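The lines below spell out each chain.
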Amino acid sequence: MSMKKSGIACLTLTVAVLIIIAGCHSDRVESVHSLYYWSTVFTISDQQKAFIDHHNISRIYLRYFDVVVDSHDEVMPNATCVFKSRVPDSTEVIPTVFIVNEVMRRQNDSLPELILRRVLQMSETNLVPMPKEIQIDCDWTQSTQQRYFEFLSHLHELTDAKGMTLSATIRLHQLALPVPPVDRGVLMVYNTGDVTRLDVSKPILDPKDIAPYIKWLPDYQLSLTEALPLFSWKVLFRGGKYVGIMHSADEYPVIEGDSIVLRQPCMDDIMQAKRMVECRDDIAREIILFDMNNNNITRFTDNEYEEIYHY
Amino acid sequence: MNMKRFTIISLLMCLCTNMFPCAYEVIHNYYMFSAYNKDFGEDADDPLVTFWKDYLGWEADPGGYNYFEPKYKMDEVIEAAGKKHDDEMKAYATQLKRYLDICDEMSETWNYPTREQLQQRSVTLSNIAVAAKAYKGSRLRSRYALLYMRANMVQKKYDVNKTYWTTYASKLEDSPLKDMMEGIYANALLNTGAKKAACEIYAKQGDMQSLAWAVQKYRNLAGIKYIYGQNPNSHTLPFLVEDFVNTYQDVIDSYEFDPGDEKTKADQDKNARDFVNFANSVIKEGKTKSPALWKTAIGVLQFHLGNPRQAEQTLLAAMSMDGTERMRDVARAARAVARSYNVLPNDDFEQFILGELQWLDTKCHDGIKTEYANGTVEYTNHFTRMKDRLSYLCLVPSYEKAGKTTTVLALLDNFCNSSQLPTAELYYSNDFISKLREIPASDIETYYQLIQQGTGSSLERYLTAKLHVNHDFYADMIGTRYLDEANFDMAEPWLKKVHTGFVARLGVAPWFGARDYVVEPWFRYQPCSEYVSRRYGENLTFDQHPRLAFCHDMQNLISQYKQAKGEQRCQLAYTLGTRAFQASYMGQCWWLTAYGQSTMDSVRVGRNDIFHRAFDWLQEASKTASTLRLKGKALCALSFMPVDDWVDTDYSYDSKSGEFMLKYSVIPSSARFKNIAAFNDFVNANPGTAMADFASRCDVIKTFRQQTRR
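Just so you know, the sequences run in chain order V and E. Going letter by letter, the first sequence gives residues 1 to 311 in this note's numbering. Going letter by letter, the second sequence gives residues 1 to 710 in this note's numbering.
What the hints contain is simulated information worked out from the structure, not anything from laboratory work. One should not assume that every hint holds.
Using 25 angstroms as the maximum straight-line C-alpha spacing, the simulated PhoX-like pairs for lysine-lysine come out as follows [to be verified]:
| id | chain 1 | residue 1 | chain 2 | residue 2 |
| --- | --- | --- | --- | --- |
| 1 | E | 196 | V | 234 |
| 2 | E | 225 | V | 234 |
| 3 | E | 53 | E | 83 |
| 4 | E | 157 | V | 84 |
From chain E, some residues computed to sit far from chain V (all C-beta separations above 10 angstroms) [claimed, not checked]:
| id | residue |
| --- | --- |
| 5 | 49 |
| 6 | 259 |
| 7 | 380 |
| 8 | 490 |
All values reported here derive from a predicted model rather than from experimental measurement. Glycine included, C-beta positions come from ideal geometry on N, C-alpha and C.
Looking at chain E on its own, in the form it has when it is part of the complex:
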């Protein structure tokens, strides 16, 4: 054993980590306030896009990708119209293509147009406008009207567009195209000084991007007061109120992450309280048609101001106030979060939260729908995000505190639904899997029984009812966790159930067989990167689960160990300790008891796991060995085991040499220090032995001797 070998091992461990999850951060602190639905599909809200897709007969490809950018596809439309002998459409698409090309040219680039190009652009836009206005048909009437207004807009003919909208376009049949024309009319208003009227249109249409730009300097309490003073039911107010509440949530969230300047936080808190006072006065005044909006805003701010009890009451009141249905729903979802902060899990609370989760699930379906290749469907909207926040930030900690592990697992499983993932991905960044790695194997067994038999509380049954149960996954997970607990008899029946086809698809499958667990790692390092790289490219097959083979091996050795006596028992203790260490998360064959390994892993203090079992066996061997050879090996093994830190290292500047020097500071109270000391004492007492020769080449012992002069 030497320092270089330690370094190599560390480096290889780093290389090995490329298949494991690095630290990952999943956000759960979603906004609790949402006045508008902002969750639309990729281009589902763009009637121009869907119109052309239909005309061309486009269908989504199997991956769900059907992005359509009109400006790059008009040639296809013109060609398709030609093939269909659709002259009317061909003429329109040709004009539209001209318009889209000009829009492209008009973006600011380093190439400034020539005078001829500018004149040509102006002539083309005028011609487009003339052609659009000259259309007398009915099929494309709205499209030509929109094209006319667009052509005017890029020519900054705002007054022309205002007149056209009020005298003609506003009287066309309602359609998304007409909404777009009204958006262009709003643009004309904005550019001719009628900002208030323009904002009303943007807000009414849910055009948040335009609205945010138009009212960028009104996004504060003063702006809200001003707009309210002008019109207590302005369409702009919901946007401004949402912006205010969520901006304050950002302040709170970032403050929790990085406290920073307390005065700034105090100013922001005061601002939030000022809003609460103003919103209360708005409700009291009775001029608003949506008191639910203001009341919900108050409740969410109270929650962020650190008063969830008051927030719960406020939000409960908001749920029955006048306003939009969405606003009352937002209040209800926020109230569920607030209540979960106020109550520890009991039967009443569980019935309440079950009802709220069931309700949230019904609200999810108007969100963005994502269909996966395996048939899974996922929705995303404000209510799915609130369910996430409720589960992760309220219910999981709450049930963890109450010691209800199966409920915690059910909540996490409901989100992750890990059993449906491809096997190789099962063990990556996933909260459910992470939780399984933390808890005893028996708890996983209990949960597996619960989901198989449909038992458990009504909440647990609801959460797990629709889950797909992959039996190989649970058998392998439970068996492996039992191995990690050095409970081989419990592990064996579970590992026997795992199909070898499943084993071959595991993310760690290429590592199986990469190293031999009988090798004593303190004497020999086993490189494996080439083996693993090669195995990644192979179609893997297994006759037997390698973890089961290891399990059988350990069971046999333990059986012999139990009957053995004297030096034979001592030798078996050393062998068991060696193999157990190799299979532990600190060993060279970590894949036997884990699905991944990280260089950040450290000894899990206080756990009754295979690592600590290995330590016990090796300690027994060191104490009972009657031969110098076995005693030396066992002491060497114990000194190798990273039970804790025996030395602190630090690079500090040495003013004499002008270089940074590695400084050691030993920790004599550490268990490892004592083990190294014991090994050092042993080799000092037994010079001339092979172990003494090994120790003289070992960098750790050298460092120990330098630092302790022993």
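Just chain V, same shape as in the assembly:
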């Protein structure tokens, strides 16, 4: 693309973003400050405790367990979170269950009961107050939509009977698909680009990748909350080809000529993305950051975190 064409593209994007932002209106009020906790061990460090206190974190979306298809082709819980710390009294926990899409390719009518029973028992055992809500995270597609929605409907009936609400994560591409039968959705404003491409410098969050989806937002028939990214990835490339994301220094062999590229959303991009999705009244009433890893809660200044949370 020539410089001229590139300039036109940028201008078009900027105009589009401005139009979107101009179309949004807001009565600035204090939003609910929330965090995702996405690990196999729940333990609150001093830094995390301080973050919770300082930024008035009132909700933690805590991943309780995954649901997978195991080696015996059975649908089973996996990577259950081990509680090493008590949940701070000041915060409400919303148990979150990640279901791999493959599970939805199998008929399992008892899955809603199994999940709800396990979530409630986990809460009771680990002294988590009776949850008011449960969240389901699943990267469902059109091919699994029917079974996933049936599952959610059944689970919704069960949570309703217990006086609980049910929420589900919504990926950007899912905005174009039918609305899942839940009380509310959490819009995941991240993982917008292709991490395997060396030339995609902002795979976690690039406002220009969000822009095409914004048109679906105003009419999306589900109450929404935004989830913004704090996390970063170290991505290993060899000979220009993607090798993997390095979760630890020795996860992959690093040899001469390899490139390790840090991918992390910058403050400007987070704020721009936030402004883009906040064209809906409801979406910023609660702001969830992903996730409560020590590195993620120390990347920015306190003021910057406040700016992200501000509505």
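Dock chain E against chain V, hints included.
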């Protein structure tokens, strides 16, 4: 004859096939590279299991089944210890049972424990650890030490285990239990960030499962380069090198099966060549203590890259390099394969391969041993698999190409040893038997003489020396194959030798007598499923081999036929043709000349077999018959015989009716088309005859008339 009858026959043939081998695929392309021995018995490598079996006085049952799962058997151990007044063992087994029960509870299930259960679990594990550490005796010292480390491991007390190993457990006497403790120590290292050290222990212990998991992202050339850079003699390297070489073999094998994406294959080839370059630099650098490992890897990759000559030289060099004895052995076995690709069988090669097969046989005995009820012993390890690969993928094709049938049979027989199988199983999925069905009866006779008299080449003598020879098997096989060749005089003496007891145990025995071979199949179908089902449940006995009775019948008819003249000779030709067809693999009484039948069978073009002999007799009858009745019958019979396809059928969508329609496309050049046409012409020329009436009801003739308007 009508279409429905054809369909019924086909269906019944399908039903009949349940006793015959379906298409079967036996793998011979075993991995050529193997850095570790991975062939252990069911639980022979688990000292915990053998210890408890000995304590309980367990012996393998007659079927060789002696699976022992400690977690389900601890109550038996506790009871046995009580009966023996062995309080020390009873106390230990009780603690172990508690630990095993908790491990069971800790697996991820839909039932999440209550707070009380979690607390109880934690208390129990702590108590087990305390009890284990408090043991002061000597008899169970290592067992209690292992139990202590296990209890800590499930509580994720990695630092405690690291300290315990370095200060105490590592100083205990060497034993499999100590190896297990070191494995738990490796687990603690892995979970506290010391992956490299953990992998060294896994590799050293041959714990491939743990190692594969720990280095899952190092299983590539970059990983090999990285680990080599850290330590040129890392115990992890043999695993990674083996993994690399065998993964490339998988690529090659699957590519041969399904070529797929050429670019992917080119990338993989380049990757393999990059490895070869790197491995050469490793050897040149001289830091490795096992150049044989790298050289063998190079040789095997060269072989898979399509250069067996270069591979042979490389592997020959690897055989004398430094490294483990196993590595040099692996190089030698791979070299035998490579050389067999490069040389056509001659005396020199035969001496070479004889030596290599003898050597491979000596290397088989440290594999997994399987003892069969009939006393046969079988071993399985890398070297038995290499012998299999060498024989099936190199030697059999090579000797087939050279026309040395007896050597091919000896190679296959050496593996299948069919004569030792129970009689009823003799004719199932077995490469040796399949080969016997393909070759002339005289070749089988030659081979039988060879194994009986111990003659043949030194290679053939070696391969057949230990074979058990079942004379009934060979007499029946040779006699039956001669029947199939319509050589009744040669068949008779062989079939006479077969004991009727052997006949009764044949897999096809229940079929004998199910149909009558004198019946003209073009006029009458003979159902037999009920008969066969009933016979399967009976204790069968035979006064005479049914194949011999058929043979005598044909000999008598041929004798009469040779002396007969005119219409009588013509009638005998028709009778012989009918019976020969019935006994052929296309006939209703196929069991007279075969051990099985498949719906996939088609006419064996160019074979001088009983089917073609039947055709000749029936053709003679059709040409020489002087009566309309016999001529009509003979022409009808010829039109019935599936010598080739006379029509192509296909279902195609008809847009007008919106339905799938059966479309015919006749093949006028086919022999069968001509036979049907001849029969049709005959009945058209002779209206009002019984044959014309039959033809008017025959679906094949109807179809023929519709398609040809004749």
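Results for each hint:
no. : hint          : result
1   : E:196 x V:234 : 21 angstroms, holds
2   : E:225 x V:234 : 21 angstroms, holds
3   : E:53 x E:83   : 16 angstroms, holds
4   : E:157 x V:84  : 13 angstroms, holds
5   : 49            : 23 angstroms, holds
6   : 259           : 23 angstroms, holds
7   : 380           : 25 angstroms, holds
8   : 490           : 57 angstroms, holds
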